[in-house]
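Undergrad: These are the residues of each chain, in order.
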Amino acid sequence: MSSGEVQTAEYLQRRWLNIRKLLERSGPFCHPDFEPSAEILDFTMNSCKILIVGAGGLGCELLKDLALMGFKKIHIIDMDTIELSNLNRQFLFRKNDIGLSKAKCAVEFVNKRVPGCEATAHHCAIQDMDDGFYRQFHIVVCGLDSIVARRWLNGMLASLLQYNDDGSLDQSSVIPLVDGGTEGFKGNARVILPGMSACIECTLDLYPPQITFPLCTIANTPRLPEHCIEYVKVLQWSKENPWGNTIPLDGDDPHHVAWVLEKAQERAMKHGISGVTYRLTQGVLKNIIPAVASTNAVIAAACATEVFKLASSCCVNMNNYMVLNIADGVYTYTFSAERRADCVACSNSTKVMALESDATLQTIYTKLCEDQLFMMKSPGITTIINGRNKTLYMSSIKSIEERTRDNLKKKITDLGLYNGAEILVADVTTPNTITIKLNVIENLDVDMPS
Amino acid sequence: MIKLFSLKQQKKDEEGTARAGGSQKKATAAQLRITKDLNELNLPKTCSTEFPDQDDLLNFKLIICPDEGFYRGGRFVFSFKVGPNYPHEPPKVKCETAVYHPNIDLEGNVCLNILREDWKPVLTVNSIVYGLQYLFLEPNPEDPLNKEAADELQSNRRLFEQHVQRAMRGGYVGSSYFERCLK
Numbered sequence: 009m010s011s012g013e014v015q016t017a018e019y020l021q022r023r024w025l026n027i028r029k030l031l032e033r034s035g036p037f038c039h040p041d042f043e044p045s046a047e048i049l050d051f052t053m054n055s056c057k058i059l060i061v062g063a064g065g066l067g068c069e070l071l072k073d074l075a076l077m078g079f080k081k082i083h084i085i086d087m088d089t090i091e092l093s094n095l096n097r098q099f100l101f102r103k104n105d106i107g108l109s110k111a112k113c114a115v116e117f118v119n120k121r122v123p124g125c126e127a128t129a130h131h132c133a134i135q136d137m138d139d140g141f142y143r144q145f146h147i148v149v150c151g152l153d154s155i156v157a158r159r160w161l162n163g164m165l166a167s168l169l170q171y172n173d174d175g176s177l178d179q180s181s182v183i184p185l186v187d188g189g190t191e192g193f194k195g196n197a198r199v200i201l202p203g204m205s206a207c208i209e210c211t212l213d214l215y216p217p218q219i220t221f222p223l224c225t226i227a228n229t230p231r232l233p234e235h236c237i238e239y240v241k242v243l244q245w246s247k248e249n250p251w252g253n254t255i256p257l258d259g260d261d262p263h264h265v266a267w268v269l270e271k272a273q274e275r276a277m278k279h280g281i282s283g284v285t286y287r288l289t290q291g292v293l294k295n296i297i298p299a300v301a302s303t304n305a306v307i308a309a310a311c312a313t314e315v316f317k318l319a320s321s322c323c324v325n326m327n328n329y330m331v332l333n334i335a336d337g338v339y340t341y342t343f344s345a346e347r348r349a350d351c352v353a354c355s356n357s358t359k360v361m362a363l364e365s366d367a368t369l370q371t372i373y374t375k376l377c378e379d380q381l382f383m384m385k386s387p388g389i390t391t392i393i394n395g396r397n398k399t400l401y402m403s404s405i406k407s408i409e410e411r412t413r414d415n416l417k418k419k420i421t422d423l424g425l426y427n428g429a430e431i432l433v434a435d436v437t438t439p440n441t442i443t444i445k446l447n448v449i450e451n452l453d454v455d456m457p458s
Numbered sequence: 449m450i451k452l453f454s455l456k457q458q459k460k461d462e463e464g465t466a467r468a469g470g471s472q473k474k475a476t477a478a479q480l481r482i483t484k485d486l487n488e489l490n491l492p493k494t495c496s497t498e499f500p501d502q503d504d505l506l507n508f509k510l511i512i513c514p515d516e517g518f519y520r521g522g523r524f525v526f527s528f529k530v531g532p533n534y535p536h537e538p539p540k541v542k543c544e545t546a547v548y549h550p551n552i553d554l555e556g557n558v559c560l561n562i563l564r565e566d567w568k569p570v571l572t573v574n575s576i577v578y579g580l581q582y583l584f585l586e587p588n589p590e591d592p593l594n595k596e597a598a599d600e601l602q603s604n605r606r607l608f609e610q611h612v613q614r615a616m617r618g619g620y621v622g623s624s625y626f627e628r629c630l631k
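These protein sequences, in sequence, are chains A and B. The opening position of the first sequence corresponds to residue 9 in our numbering, with each subsequent residue numbered one higher. The opening position of the second sequence corresponds to residue 449 in our numbering, with each subsequent residue numbered one higher.
Hints are supplied without guarantee of correctness; some may be wrong.
[As the list claims (entries may be wrong)] Examples of chain A residues toward chain B, derived with CB under 10 Å: (1) Y286; (2) L288; (3) A353; (4) C377; (5) D379; (6) L381; (7) N394; (8) S403; (9) I405; (10) K406.
Hints in this document: simulated from the structure, not taken from any laboratory. These numbers were taken from a predicted model, which means no experiment stands behind them. A virtual CB, placed ideally from N, CA and C, is assigned to each residue, including glycine.
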């Protein structure tokens with residue numbers, strides 16, 4: 009059906025018939041509080057805003073799945089451009105698209121292919137967008153290949169949480185995060201309700217560490233072709249700097265890869281090791297694990313289903329972490345990952361400190377040590393001003409103590425702090441660095457301009 | 449489970465644009481964690497730190513002045529670079545002082561298990577400080593990075609000790625030149 013064709017009421021009836029069966033009828037598998045209604049479809053189609061993070065293997069699948077489920081207000085963000093090696097599984101891209109933005113090409117394809125879809129592309133890094141951007145979405149779903157990016161996004165969503173005065177979570181500030189990940193024949197999908205269920209940072213130790221070889225093995229007793237490549241990458245490159253001192257090794261530069269290959273082969277020969285190939289060299293330099301299209305399809309389908317459940321409340325979400333292994337048959341298992349009470353990202357550690365406007369940093373320090381709410385031993389205080397970290401006072405590091413001691417005498421306003429500003433405080437008495445919001449009360453005795 | 453959308457179905461769109469920008473940037477998890485690590489840094493009396501920029505807690509130097517063992521009297525500077533994936537990944541640590549040592553090569557690479565294959569997020573900057581200090585007290589010839597030094601330590605302890613002394617005073621060991629690093 010071309011988008012120009014008149015969409016009759018009858019066609020619309022038919023197009024969403026199956027989804028309407030889920031949303032307009034009750035049933036034994038529904039969520040107990042589910043109230044079937046025709047408005048839900050209208051919400052998912054016309055109001056629900058979804059952000060897809062990543063327009064790669066998982067992202068293409070997710071965009072296709074969600075658009076076909078009827079979601080229209082989909083945004084997709086990815087900083088990458090299309091490469092030849094993507095085309096086997098990132099099916100929204102064609103050979104002519106090589107070099108173009110992944111997000112833009114994916115959106116163009118899907119908007120043309122799926123009638124009514126109004127997807128929007130953002131060709132930039134997730135870090136380029138601020139909290140206002142992320143706050144507009146009902147649900148964020150991500151298909152990323154980087155732990156750093158996941159942690160950043162998780163931290164952003166956690167920072168949008170708002171708490172009531174009694175410390176309870178304001179549930180309307182929760183933006184659910186559905187996270188998918190794949191590696192070869194293995195994958196996982198999970199549902200995170202920031203502040204309510206286990207987040208990325210709560211379960212950080214579930215990520216396998218990057219494979220590293222002991223430095224001395226690489227240097228002296230190589231046994232594997234990988235050892236030879238690692239040797240050139242870790243030790244020989246910085247020693248010989250073949251492209252000059254300032255040029256770091258770039259796994260995407262074919263000249264660099266060729267140089268590493270040549271040196272690694274020399275080393276392999278010396279130690280009687282075989283198997284150093286161009287492909288392996290590239291693999292080791294870029295930590296490549298071959299991507300499998302069907303793994304992406306399964307994981308994206310699971311994620312898209314969870315997004316639909318969240319958006320419609322028609323069914324209970326998975327609780328909350330699914331693992332998939334299709335290397336040897338099909339194996340899947342779902343378990344409930346638990347929150348960490350002391351999670352740096354999602355535990356509500358923001359406290360409030362009331363101060364008068366002529367308070368000094370010393371006032372804050374004394375309050376931290378003496379106030380019943382804190383009772384700290386030796387707090388280290390930092391903050392962020394205009395996007396830059398600033399150390400206000402830290403007594404444990406001698407050189408920093410000397411250089412920040414004078415701050416204690418300064419008024420908080422002279423240090424760049426203001427009403428509502430947040431300071432970060434680390435101390436042995438708390439398991440994490442905590443955030444304290446300053447509540448500056450105008451001093452009534454002094455005539456202050458408002 | 450909560451019914452998220454009965455709660456916020458309405459207010460989403462108005463909010464999105466109205467509150468964009470202007471708010472204070474949030475600290476990253478890596479930043480929060482390193483602040484905690486450093487605030488609780490408990491240095492042995494042979495160690496000290498230097499921060500070129502007190503507002504940048506991610507880049508600093510550790511100075512070790514061993515008071516016993518082969519390296520007594522020397523002063524060794526290590527640079528620490530803490531990346532955005534800390535503590536999932538360890539800090540990058542390099543030795544900036546040329547040293548004749550079985551586990552440190554002439555480019556400053558350090559062979560310490562917790563800096564690579566045995567790093568775990570529960571470890572802290574303090575763990576690394578103790579690990580590095582231990583390398584000076586007990587150089588380990590079994591895991592050599594400077595093979596010449598390691599072989600020498602195993603075969604001729606006296607000669608090794610002399611070479612360490614010569615390197616610390618400033619001079620050649622074999623064909624490698626070492627800057628003076630005595631306190």
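Undergrad: None of the hints should be skipped; say for each whether it holds.
TA: Comparing the hints with the structure gives:
1. Y286: 26 Å, violated
2. L288: Violated: closest Cβ of chain B sits about 20 Å from L288 (chain A), beyond 10 Å.
3. A353: 6 Å, holds
4. C377: Violated, because the Cβ-Cβ distance from C377 (chain A) to chain B comes to roughly 14 Å (cut-off 10 Å).
5. D379: 18 Å, violated
6. L381: Because about 19 Å separates L381 (chain A) from the closest Cβ in chain B, which is outside the 10 Å limit, the hint is violated.
7. N394: At about 8 Å, which falls below the 10 Å cut-off, the nearest Cβ of chain B leaves the hint on N394 (chain A) intact, so it holds.
8. S403: 8 Å, holds
9. I405: OK, holds: I405 (chain A) within 10 Å of chain B, min 6 Å.
10. K406: 7 Å, holds
Violated hints, in rising order: 1, 2, 4, 5, 6; the structure is consistent with all others.
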